[in-house]
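Novice: Those protein sequences? They're chains Y and G, same order as listed.
By our numbering, the letter at position 62 of the first sequence is numbered 62, and the numbering carries on one by one without gaps.
By our numbering, the letter at position 399 of the second sequence is numbered 399, and the numbering carries on one by one without gaps.
The hints are simulated quantities; they were obtained by calculation from the structure and are not laboratory data.
Backbone N, C-alpha and C define an ideal beta-carbon position, used for all residues, glycine too.
One should not assume that every hint holds.
Lysine to any residue pairs mimicking SDA-like chemistry, simulated, CA-CA at most 20 Å apart [what the hints assert, rightly or not]:
#1 Lys394/G / Ala227/G
#2 Lys394/G / Phe257/Y
#3 Lys89/G / Ser130/Y
#4 Lys223/G / Asp36/Y
#5 Lys189/G / Leu289/G
#6 Lys89/G / Tyr45/Y
#7 Lys89/G / Ser54/Y
#8 Lys297/G / Ala270/G
#9 Lys394/G / Pro44/Y
#10 Lys89/G / Thr131/Y
#11 Lys189/G / Ile29/Y
#12 Lys89/G / Ser148/Y
#13 Lys230/G / Gln213/G
#14 Lys223/G / Ser54/Y
#15 Lys189/G / Tyr45/Y
#16 Lys394/G / Glu381/G
#17 Lys89/G / Pro44/Y
#18 Lys189/G / Asp147/Y
#19 Lys189/G / Ser148/Y
#20 Lys89/G / Phe257/Y
#21 Lys89/G / Asp36/Y
#22 Lys394/G / Ser130/Y
#23 Lys189/G / Thr35/Y
#24 Lys89/G / Asp147/Y
Beyond 12 Å from chain Y on every Cβ pair, some chain G residues (computed) [claimed, not checked]:
#25 Gln67
#26 Pro170
#27 Asp175
#28 Ala196
#29 Asp292
#30 Ala344
#31 Arg350
#32 Val354
#33 Val399
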Amino acid sequence: MKTAAKPWIWLVPLGVLLLVVFGYPIVEIVRLSFTDSTMVSGEPYSYTGSAYRSVVTGPDFADTLRVTSAFVVFSVVFQLLLGLLIALLVDNAKRRGLRGAMITRTVVLTAWAIPGVVIGVLWQLLYQESTSGILNYLGSLLGFSGDSAFLSDPGNALVSVTIANVWRGTAFSMILMYAGLQTVQRDLLEAARLDGASPFQAFRAVTLPALLPLIAIDLVTITVETFNSFDMIMALTQGGPGTSTQVLALKVYDQIFTQLGLGRGAAMSIVLLLINAVMIAIYFRYHKRREVNP
Amino acid sequence: MTAGGSALGRRKLFTLAAAGALAGLAGCGTGSLPPRTFRWLAIPTESVQSPTKARAEYAQRVLSGYQRTSGWRVVPQITVTDIDQAMAKLLLQASQHRAPEVAAVDSYLFPRFARYANDLSKPMAEAGVRLGDWFPQFHPVMASTGQPRSLMFETDVRVLFCRKDLVDRPPASWDELLHAGRKAAAHGKQVLFAGARSEDSVDAVLWPFYWSQGGQLLTADGKPGFAHGKGRQAMVDALAFIRELITEEAAPQRVATIQSNDDINPDVVADRVSMFIGGSWQASQLQELVTDGDFAKDWTIGPIPSRSGQDHTCMAGGWTWASFAEDPEVAQESIRLLLDGYVADEGMARWCTVSGNLPPRSPVYRNSAYHGDAFTELYREHLARYARMRPLRKEYQQVSQAMQIALSSVTSLSAEPEAAVDAALAQIV
Numbered sequence: 001m002k003t004a005a006k007p008w009i010w011l012v013p014l015g016v017l018l019l020v021v022f023g024y025p026i027v028e029i030v031r032l033s034f035t036d037s038t039m040v041s042g043e044p045y046s047y048t049g050s051a052y053r054s055v056v057t058g059p060d061f062a063d064t065l066r067v068t069s070a071f072v073v074f075s076v077v078f079q080l081l082l083g084l085l086i087a088l089l090v091d092n093a094k095r096r097g098l099r100g101a102m103i104t105r106t107v108v109l110t111a112w113a114i115p116g117v118v119i120g121v122l123w124q125l126l127y128q129e130s131t132s133g134i135l136n137y138l139g140s141l142l143g144f145s146g147d148s149a150f151l152s153d154p155g156n157a158l159v160s161v162t163i164a165n166v167w168r169g170t171a172f173s174m175i176l177m178y179a180g181l182q183t184v185q186r187d188l189l190e191a192a193r194l195d196g197a198s199p200f201q202a203f204r205a206v207t208l209p210a211l212l213p214l215i216a217i218d219l220v221t222i223t224v225e226t227f228n229s230f231d232m233i234m235a236l237t238q239g240g241p242g243t244s245t246q247v248l249a250l251k252v253y254d255q256i257f258t259q260l261g262l263g264r265g266a267a268m269s270i271v272l273l274l275i276n277a278v279m280i281a282i283y284f285r286y287h288k289r290r291e292v293n294p
Numbered sequence: 001m002t003a004g005g006s007a008l009g010r011r012k013l014f015t016l017a018a019a020g021a022l023a024g025l026a027g028c029g030t031g032s033l034p035p036r037t038f039r040w041l042a043i044p045t046e047s048v049q050s051p052t053k054a055r056a057e058y059a060q061r062v063l064s065g066y067q068r069t070s071g072w073r074v075v076p077q078i079t080v081t082d083i084d085q086a087m088a089k090l091l092l093q094a095s096q097h098r099a100p101e102v103a104a105v106d107s108y109l110f111p112r113f114a115r116y117a118n119d120l121s122k123p124m125a126e127a128g129v130r131l132g133d134w135f136p137q138f139h140p141v142m143a144s145t146g147q148p149r150s151l152m153f154e155t156d157v158r159v160l161f162c163r164k165d166l167v168d169r170p171p172a173s174w175d176e177l178l179h180a181g182r183k184a185a186a187h188g189k190q191v192l193f194a195g196a197r198s199e200d201s202v203d204a205v206l207w208p209f210y211w212s213q214g215g216q217l218l219t220a221d222g223k224p225g226f227a228h229g230k231g232r233q234a235m236v237d238a239l240a241f242i243r244e245l246i247t248e249e250a251a252p253q254r255v256a257t258i259q260s261n262d263d264i265n266p267d268v269v270a271d272r273v274s275m276f277i278g279g280s281w282q283a284s285q286l287q288e289l290v291t292d293g294d295f296a297k298d299w300t301i302g303p304i305p306s307r308s309g310q311d312h313t314c315m316a317g318g319w320t321w322a323s324f325a326e327d328p329e330v331a332q333e334s335i336r337l338l339l340d341g342y343v344a345d346e347g348m349a350r351w352c353t354v355s356g357n358l359p360p361r362s363p364v365y366r367n368s369a370y371h372g373d374a375f376t377e378l379y380r381e382h383l384a385r386y387a388r389m390r391p392l393r394k395e396y397q398q399v400s401q402a403m404q405i406a407l408s409s410v411t412s413l414s415a416e417p418e419a420a421v422d423a424a425l426a427q428i429v
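Isolated chain Y (complex conformation):
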């Protein structure tokens, strides 16, 4: 009875933990974003809004946002579509009792389980710009030049990095979509078929509405994850050539660790945090509306 009257006692440890590992760092990063601090404790710093001013007015940050937006939009769209497509194929194969559905699922999942740095190195080997590169070698066998500029041409580099990221992230979407497909009522699909609905019509009227909540979760998760992409790009291009593949997380790292500009780096990380917070807020709003109007 006593404990039921004071439930907050049981929440204190979690609250303290969250404050220490989550609340304090956020407060500190917000504070640092309003300074011209470097990484060094002893060096004097002052409170200023110059970091935000230079982020807003400087051409470099706008360029980084452009690159990040293109990278995120194309990555998310293709991860979602390919994930859905593979999930439909695997689900269909399973229902028809075809062999290999389990193996296909496992193989696709492997890409998701590989660390980003390793994926960066793997794709670097694929994209290498001489006949030593795997894709260029295969291309030369098919009659192409064998020296395609996958990473040295700025336009191609962003496409190449996005493709590697789609390869990496599709598995997560596939698993979510596959889980969603298991919740679709088979008798509804059967009824639609008996009513003369084509496979596409059945998908649109029965499968898609059942998948919508999972699509929303997937959309938010992969968008946030793609905005935070760092390790794979660091290993693959380090943001180059020029700034053509420099995404927001890489820019923050560069500001803080390479240029030791903690204040400006903190301001940029606040922008990244806000973007992620907006994405999550949109999801919660959607979720709440569905609870009201299921």
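Based on the hints, put chain G in the right spot on chain Y.
Specialist: Coordinates of chain G only, in the frame set by chain Y:
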């Protein structure tokens, strides 16, 4: 079990948890070293876990020999492989007085560490090591505050490596490099250099091309030396020449993806290169990697070509040891390990023989324990005549970062040299 017993149990549990948490936090701290013990921080490639067997064995031998004779215990620590991140972390630790007692510091960054490091005048004098023995360009690194506070224990230079059968003599000027490069490219052998967005790229190519025209990277008040006037023109011209090497097909556009000098090695082994701008350490690597021929006999070296064919320059890098120990006895003992193993004549001679790097102290070249490679005498001459350090001011990092992007934009042919310099200047806050 009674209610009281249960409450006691919870209290005990809380006490245990709190004690555990405190013990954990204490373990994370740095003040819990046993007596007569100190930490020794090295970069991965030079640590006891170096992937190069000879280097790992040397470090192990130095540590165990020291521990045996001194009775002190050394705790080896290793930085992360990302050197920028490792140095940023070490700088933070040093400024909070919790850095390892002795640590390797990238030489061009040392002036930022200097105020936290110990004065080494006394241990150097006791070991008979004089600041004047180091090549003069290293003095500002080691003694930026007036007293020596770091011990530079290895260095390197960037040079132009040339295939003797394809290039008559190493080209001295930009025109000669372009001409010889185009001639060799007609036979399928190209000029390579690191042209991606990396510190290696600007160090090996852009800075020497710029410096040799009389340019300075930073003015006396820390502003970019290429913001206007002759400096700007020199930087634009340096980038324009790099672009010309690519557009004239002496060098391939894929130099835009070459991050480090070492990335050129596979192409040399695959016989696709006529000339390359690389580091002095690469000759010993390539001597082992090239199985179809003798690298030392088939290749020669020259200074990095300059616009005029004279006034050559190149970048010299290297690593220093610094002492951050707060206890004077620990400071004295820990620095003795470094002096014996890496800095005094015998130690530096043995270490540089094993590592393939160059001794930064001139007397070591005469030491019988030092064995360089076929080009060592030339490297030494380059060190004495052409080598420069990067600016030691903190503004350098921002300038370097901006120019790495500019160089990479030019090598990927996505920006004209003038626009690349303008973009770099706009980025420097």
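Novice: Taking the hints in turn, state whether each one holds.
Specialist: We went through each hint and held it up to the structure:
1. Lys394/G / Ala227/G: 18 Å, holds
2. Lys394/G / Phe257/Y: 13 Å, holds
3. Lys89/G / Ser130/Y: 37 Å, violated
4. Lys223/G / Asp36/Y: 18 Å, holds
5. Lys189/G / Leu289/G: Holds: Lys189/G and Leu289/G sit about 18 Å apart, inside 20 Å.
6. Lys89/G / Tyr45/Y: 19 Å, holds
7. Lys89/G / Ser54/Y: Violated. Lys89/G to Ser54/Y sits at ~25 Å, over the 20 Å cutoff.
8. Lys297/G / Ala270/G: OK: Lys297/G and Ala270/G at ~17 Å, within 20 Å.
9. Lys394/G / Pro44/Y: With a Cα-Cα distance of about 14 Å, the restraint between Lys394/G and Pro44/Y holds, given a limit of 20 Å.
10. Lys89/G / Thr131/Y: Given pair Lys89/G, Thr131/Y is violated - Cα atoms ~40 Å apart, limit 20 Å.
11. Lys189/G / Ile29/Y: Distance ~51 Å between Lys189/G and Ile29/Y Cα, so the pair is violated.
12. Lys89/G / Ser148/Y: The given pair, whose Cα atoms are some 39 Å apart, is violated under the 20 Å limit.
13. Lys230/G / Gln213/G: 9 Å, holds
14. Lys223/G / Ser54/Y: Holds - the C-alpha atoms of Ser54/Y and Lys223/G are around 17 Å apart, at most 20 Å.
15. Lys189/G / Tyr45/Y: Violated, at roughly 53 Å.
16. Lys394/G / Glu381/G: 30 Å, violated
17. Lys89/G / Pro44/Y: 18 Å, holds
18. Lys189/G / Asp147/Y: Given that 20 Å is the threshold and the Cα spacing comes to 15 Å, the pair holds.
19. Lys189/G / Ser148/Y: 18 Å, holds
20. Lys89/G / Phe257/Y: Cα-Cα ~9 Å, so holds.
21. Lys89/G / Asp36/Y: 18 Å, holds
22. Lys394/G / Ser130/Y: 38 Å, violated
23. Lys189/G / Thr35/Y: 52 Å, violated
24. Lys89/G / Asp147/Y: 40 Å, violated
25. Gln67: Gln67/G clear of chain Y: closest Cβ-Cβ about 32 Å, beyond 12 Å.
26. Pro170: 25 Å, holds
27. Asp175: With a cut-off of 12 Å, Asp175/G remains clear of chain Y, as the shortest Cβ separation is near 25 Å.
28. Ala196: 5 Å, violated
29. Asp292: It holds; Asp292/G is separated from chain Y by about 16 Å at its closest Cβ, greater than 12 Å.
30. Ala344: 31 Å, holds
31. Arg350: Fine: 34 Å to the nearest Cβ keeps Arg350/G off the interface.
32. Val354: 28 Å, holds
33. Val399: 10 Å, violated
Of the numbered hints given earlier, the model fails hints 3, 7, 10, 11, 12, 15, 16, 22, 23, 24, 28 and 33; all others are met.
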